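J.: Listed here are the chains, written in short residue letters.
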Amino acid sequence: MDKSLYDLIVIGGGITGCEAAWTAASRGCRTLLCNITLDQVNLPPHISALFIAEKDIERVLTDLGGGIFLQALRRSLLGVFSEPNEPNAVISLDKREFSLVSKELLENHPMIDLRQALIGAAHIGDNIESTSIFGEIFTAKKALFAPGTYVGGRIRVGKSVFSAGRYGDLSSDELKKVFEDQGFKLVEWEGKTPQVVDMRRVNMEGWRELPPAGAAIQDIILGRKDIPQVRMKAFWRENQGNICYLFPLSSKTREAQLHQKDGGRAPSGVMDEKAVVRDSVEHSCLIVGSAAPNPLKGLAFAGKFAGKNGYIECALDGRDKALKLMGEG
Amino acid sequence: MFHVKRYDWDRKYQVVVVGGGHAGCEAALACSRLGMKTLLVTINIDKIALMPCNPAVGGIGKGQLVAEIHALGGEMGKIADRACIQARILNRSKGPAVQALRVQTDKKFYEDEMKKSLFSAERLDVLQGMVGEIVIEGGEVKGIVLENGISVGAQALVLATGTFLNASIVVGEKSYPAGRVGEYASYQLSQSLKKARIELDRLQTATPPRVDGRTVDYQKTIPQLGEEEVEGFSGKERPLLPQMACFLTYTNRETHRIIKKHLHLSPIKTGGVKGRGPRFCPSIDRKIINFPEKERHPVFIEPEGWRTKEVYLQGLTTSMPAWVQKEIIAATPGLERARMMRPGYAVMYDFAPPQQLHPTLEVKEISGLFLAGQINGTSGYEEAAAQGLMAGINAARKVQGKEGIVLKRSQAYIGVMIDDLVTKGVEEPYRMFTSRAEFRLILRSDNAINRLRPLGHSVGLVSDEEMEEAIELGEGVNAIIEELKVRKLAPEAVNQVLGSKGGNPAREPLRAIDLLKRPEVRIKDLAEILPKLRERTPRELFQAETEVKYAGYIDRQLRDAERMEGLENSVIPLEIDYDQMKELSFAAREQLKRIKPRTLGQAARISTVTPADIALLSIYLKRKEIGDTGDT
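Protein chains in written order, with the numbering used here: chain A, 1 to 329; chain B, 1 to 632.
Hint data in this document are derived by calculation from the structure and do not stem from the laboratory.
On a predicted model such as this, the values are computed, not experimentally measured, just so you know.
Here a beta-carbon is modelled for each residue, glycine too, at the ideal position from N, C-alpha and C.
Take these hints with a grain of salt, some might be off.
[Said to hold, decoys possible] If you want the ones that stay clear, here's a sample from chain B, every Cβ over 12 Å from chain A, calculated:
1. 183
2. 506
3. 535
4. 559
5. 571
6. 573
7. 578
[Said to hold, decoys possible] List of simulated lysine to any residue pairs, SDA-like, C-alpha gap at most 20 Å:
8. B/408 to B/564
9. B/116 to A/50
10. B/116 to A/231
11. A/159 to B/187
12. A/274 to B/589
13. B/593 to B/358
14. B/174 to A/178
15. B/12 to A/200
16. A/141 to A/156
Kindly generate the complete structure, drawing on both the sequences and the hints.
T.: Structure follows, in structure tokens:
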């Protein structure tokens, strides 16, 4: 059996879990970070862009300074734009590159051990013993759960509903039982991911290029001035009173994400069906509700599973919860 | 279940390819390049061209397949060359027929490069989705229905679903349904295939654990460096990444003691893994059972790419419980402190016994349905890609109303593989070896371009420019051989070449070609005194050298192939009624009815068919031929 005792185990290698692991490890904690697969770590699940109010940029980036989210973001930027008619900056990123850079950073951190494991059970005693579905036991003094949408996750696409943590990935119903057994109240959450289209098939009539952000904003976001500012163009158009965006997904494929400002799927008519590469999926999973008992000692929930939403909010939550867990000890 | 109004499709394509692995990528690219409006459907676009097992392409038998894929206009060779982080010629000390290129690849880089090709191919759309049902009417493929209810009409369908059909993965006593770790498998598609009366059976395969490269003690291992100057599979593309080293260690008595001690927990002992596994790529548990006398087994520590610290432990494949895997690793020199990042595991999956296929890879009973890759019971990226390419070519030709392309055993390893599959079926995941090819001296990697590029060109996958390359290669080789024939070397020149090599010094003038036939003489030695040779490329020189040195053997294989040609060209009509042929043995008749061989040659390779049966068949065919003539 695994005899090594970690200071912290983080379950879930998404934005929340990675930030939490990085925060703890950077302060000297021996940290084990488990993800369902190592083929993909820290892959942003939703849109390939961030919206930040210009007035908040400096504060947000300071809060995330030194963290893995910001480092990976800076190394996977496709462009920094201004949002039309709004005082917001739009940061477009290459999701795959973000994920690859994150994995590199994590693997090179001397205090982080990255591990492929689907956690199916946890025993909470003096230490926390987490058991993988393969029967491996990982022991840590503390645990931070950031399983995102993988707890009891289901996907609805068209007429069909099936168990999935994300499209293509398994979900963990076992983990759901662990939390229920501990007396946590779980509530169902639902969300949608935008469609992805093949840029070659998009009729660009009516679409306009997003203007680059001003130099000052670029400098804050880039952190360094020698990074190319716009590597891929992003587009927008008005669509039935709303603004619709087209963000490149990666510099390597010709995929772009169709994002409706008010959320959800872009109305029909904007895109030819044959342009669609990945359908919009509705997603539900269980998250820890407000009626949860006081978290057990040494245990924390963070990110989407704790009801947070948005990349920045999740990264900040991962960081805060990790700091709090460490402060307890 | 789904209800589709007849021919009322949401989308329509000429060819739909299901699966984004190595078979699916080649099939989709081939179809789109042959002018087909093509759709590639995959469960996860982020995992296209993933290498779920070893970080390498090529090897003995497999390297020849990749060279042939490239010669025919496929993609794998080019991408492997670009993603190469180490190239080695295996069996360099042996004869040219069994030499093979194997390249270590950067896995993520490979995926990215393949995706670039897919997303820049004309007429090719990619769609993320899972297939729920195949629509078949009147014995013909009509299309598919995705899980989201979208229906896609297709004139031909290529299924390249890998290990995802009705799959579950196993570690120790634990098992759960999944196509690969963390990814759900496809169950409806298996059902749909059964409904279409396609016979399915079970196979299994496994992958070794990966460990954290930071925790390996490389001092205790033997570095394995690549070769400095190697032409890749394509002879054109260069590695786009710096090269990396692999490392070699060996298991020892302690490793074996641990394995033996816990053997009762191995799924191959407990029955946790059902279905047959790859005998030629055995797990370490299997090796300990089968070779109890061996004191050690090699373990190659291979990097998975530049951007990861994960390393692959080739030789330690196992699906023993994870804690046993840990002990096995820790007992192996250099890996004492190695930290496991991914445990090894086995996967069991459905496959369709390939005797159900025509040699074009089309299902005999369902027109327009082609199967490629692991679904046909093979193992390996290269085997999959080669079938994908052929299924893609033949799907496109089916739509175009052209006759399918079937490669002969004397023409290509791909031909050997497909003939083996459809004639003999598989008892275990089929892996290519040079020993499977009876004409391996004429089926070399170095002459794959000469052998197959004209076919690729006439099919339409090879550009004029690329064809020109093949012609130039052939001409170059001929020019070298001509030069060797006409140049008579004075004894002094001969002895200069022989130098310190030993061998009988010459007293008479000697033709250069005869000198080259001496085992100790290499063509590069002759190039020192024959300036014309120095104008030639390494590839031309290598091929000329092989042709000269092995001329006798090559001629014999060519003659054998020609002799076989008679049987291979005797076409058996599909409508033949074996039940009418009472003289055939019962076993032969049953197998002939099942396999429906296309030629007498193929019939002769069916295990229950005896030479006497072939003689009967041959007489029957001749009589029929005469009879037909008599009728007109």
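J.: Against this structure, judge whether each hint is valid.
T.: Verification of the hints:
no.	hint	result
1	183	violated (6 Å)
2	506	holds (59 Å)
3	535	holds (40 Å)
4	559	holds (50 Å)
5	571	holds (41 Å)
6	573	holds (42 Å)
7	578	holds (45 Å)
8	B/408 to B/564	holds (10 Å)
9	B/116 to A/50	violated (25 Å)
10	B/116 to A/231	holds (17 Å)
11	A/159 to B/187	holds (17 Å)
12	A/274 to B/589	violated (49 Å)
13	B/593 to B/358	holds (13 Å)
14	B/174 to A/178	holds (18 Å)
15	B/12 to A/200	holds (18 Å)
16	A/141 to A/156	violated (38 Å)
Checked against the numbered hints listed earlier, the structure breaks hints 1, 9, 12, 16; every other hint is satisfied.
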